[in-house]
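**Q** So you can see what is in the structure, the chains are spelled out below.
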Amino acid sequence: MYSDKVMDHFNNPRNVGEIEDPSGVGTVGNAKCGDIMRMYLDIDDNGIIREAKFKTFGCGAAVATSSMATELVKGKTVQEALQVTNKAVMEALDGLPPAKVHCSLLAEEAIHAALWDYAEKNHIEIEGLEKPVSDIEEREETEHSL
Amino acid sequence: MDIKMKELIYLDNAATTQVYPEVLDAMTPYFTQYYGNPSAIYSFASDALKAVSEARKILSEGIGAKPEEIYFTAGGSESDNWAMKAAVEAYAAKGKHIITTKIEHHAILHTAQYLEKHGYEVTYLDVDENGMVSPEAVVAAIRPGTVLISVMAANNEIGTIEPLEEIGAIAKENGILFHTDAVQAFGHVPLDVEKMHIDMLSASAHKLNGPKGIGFLYIRQGVKMQALIHGGGQERQRRAGTHNVPGIVGFGEAAKIAFREMDKRNAYECALRDHLIERVLAEIPYSRLNGDRTNRLPGNASFCFRFIEGESLLILLDQNGICASSGSACTSGSLDPSHVLLAIGLPHEIAHGSLRLTLSEKTTKEEIDFTVDKIKEIVERLRNMSPLYEDFVKKNGKA
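Residue numbers (our numbering), protein chains in the order written: chain A, 1 to 146; chain B, 1 to 399.
Rather than coming from a laboratory, the hints here were simulated on the basis of the structure.
Note that the coordinates shown come from a computational prediction; the quantities given were computed from them, not determined experimentally.
Using N, Cα and C, we set each Cβ at its ideal position, and we do this for glycine too.
Just to be clear, a hint being listed does not mean it is correct.
Unchecked claim - Listed next, with one range per pair, are the computed distances between beta-carbon atoms:
| id | chain 1 | residue 1 | chain 2 | residue 2 | range |
| --- | --- | --- | --- | --- | --- |
| 1 | A | ALA99 | B | VAL393 | 27 to 33 Å |
| 2 | A | THR77 | B | PRO285 | 51 to 57 Å |
| 3 | B | ASP373 | A | VAL101 | 31 to 37 Å |
| 4 | B | PRO285 | A | ASP21 | 26 to 32 Å |
| 5 | A | GLN83 | B | LYS117 | 45 to 51 Å |
| 6 | A | GLY128 | B | TYR114 | 17 to 23 Å |
| 7 | A | ASP21 | B | GLU116 | 52 to 58 Å |
| 8 | B | GLU7 | A | VAL101 | 31 to 37 Å |
| 9 | B | GLU7 | A | MET1 | 20 to 26 Å |
Just need the whole structure built from these sequences, with the hints factored in.
**A** Okay, here's the thing in C-alpha cells:
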C-alpha cells in the first residue's frame, strides 16, 4: 500500500531525535487520532535551518512524512521552509494512500509550529506564517496501570 | 515459494485460517466428479445431496442442534445480517427493541445501525474492563417491546468469552429471541444451543480451517423467520441459491476435525498463549493484556503497548515475516481505534497501540519466542521515536 520511498523513510527514518535548546520546536496532532509529530529546528543567525530533528507517534506514513519533512527543510531559509507544503512532502515520497494524506498535512503543520515557536522566541514575525491550527491536545494522565 | 512460506509466522488465525489438506481433499471431488446440483432429481445428483446432508448433520451435532435447524449461508456476515433483519421483521408486531453490545463485530453493529434507521430501537450494552457483558445489564435493558438479544459468543479482537448460558436463560425467561455471533467460537470452544438457550447462531467455516465463503445460521425450530434471499426452495425455502456443495463438504470436514481435536488443541494453544502473554507482560514495560485473562479464546492474545501506534508495529513485524493484526482486520482501514478497545475503557492513545496475535495448533514455541523478541525490539525502536514516550520519560524517568 505504501510506495518504496515511504517504506524507505519508515524503515530508515532520517533525523530522528531531539535538539537541545532548539531554535524552535513544535508539536502537532493528537493522540486521539493516532498521530503526533514533534519537530525541532536549529536555525542560525542568518535564518538558515542548520538542523532538523523529529519524533513521531503514528503510522508508517506519519513517520515517513516527518522524516521527509526534516530532509526538505534542512539547509533552507525560514522563508523557503515555509514553502514546504504537504503536497511537496507527498510528491517527494512518491505519493501516499488517500487515507494517509492527513499525515502530510501534519508534517506541514509541524514545520509551521516549529517556525512559529522560533518566531515567538525571537520576537519576530515571519511573513506568511500563521499560528498553526492544530496543536497537541492537553492529555490527561491516564490512570491505567500499564 | 515454499521457502517463503516456511519463513512465514502466521499469527492472524482469527482473521482466517489455512484450509486443512484433508478438508481440501474432501472438497475436490465435489467440484469435478460429483458436480451435480443437489436439488436435481436424477441419481447422479444424489451424491452431492448426500454430502450436503452429512455435513449438515456434523455441524448440527457440534452445537447440540437438529440437522434441519442448520441453514447454509455464504458466511458469518450474511448469517448475522439475516438473523437480525429477519427476526425483528418477523416479530415486529411484538415490538421494535433490540439489545446488543458495544463490542460486537461490525456485521452486527452496522446491521443494528441500519435497523435503527428503519424505526427500530437498539440498546448497546456496555462491557466491563475485560470485555465481559453482564447478565444483570441484559435484564435491566429488557423492555416490553424487546424482540431480540444478540450477544457474541467470543470477541474477535480481545478473545473474551461471554456468559452465554446466563444470557440465554434470561432471554428464555422473558420470551425474547437470543442470537449469538459464534464466528470466533464455533469449533474452538464448546457451544450447546440447548444448554445456552440459543435461538440463532452464526458460524463461518474459514475460522476453523475450512474454506472461505461458506457459513451457516442455526435457527431453532419454531422461530418465525423470513427468507433473506428469495428464489429457489433450498434450505427449507429460507435461503435460496444453489448449494455451495464443495464449500459445505469442506465446512463439515473442518468441523469434524475441530470437534474431534478440540480438547487436545485447546490444551496446546492455551499453554502456548499463556507463555506468550507471560513473556510479553514480563519483558515489555508499559504493556497490557486486553480481554479476560481466563475466559478467553485459546488462541487469542491481545495487547496494548503504550506510546506507540499499531500500524507501525504491524509493518515492522511483517518485515520479519510475522503476520499479526491491530484490532480487527476490518477496522484497520479506518482511522479510529477499535470500538472494542474503546468499549473496555482504554483511552484513544493506548487503543492505537494494540496488537492481536492469534495462534493455531501449528504455531510453535520457537515461533512465539522469535515473535516476542521481535516485538520487544520493535516496541523499543518505536518508543525511541515517540514524542509521547519522550514526554513520559522526562516526567517519570525510564522504566
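**Q** So which of those numbered hints doesn't the model satisfy?
**A** The structure conflicts with hints 2, 6, although it agrees with all the remaining ones.
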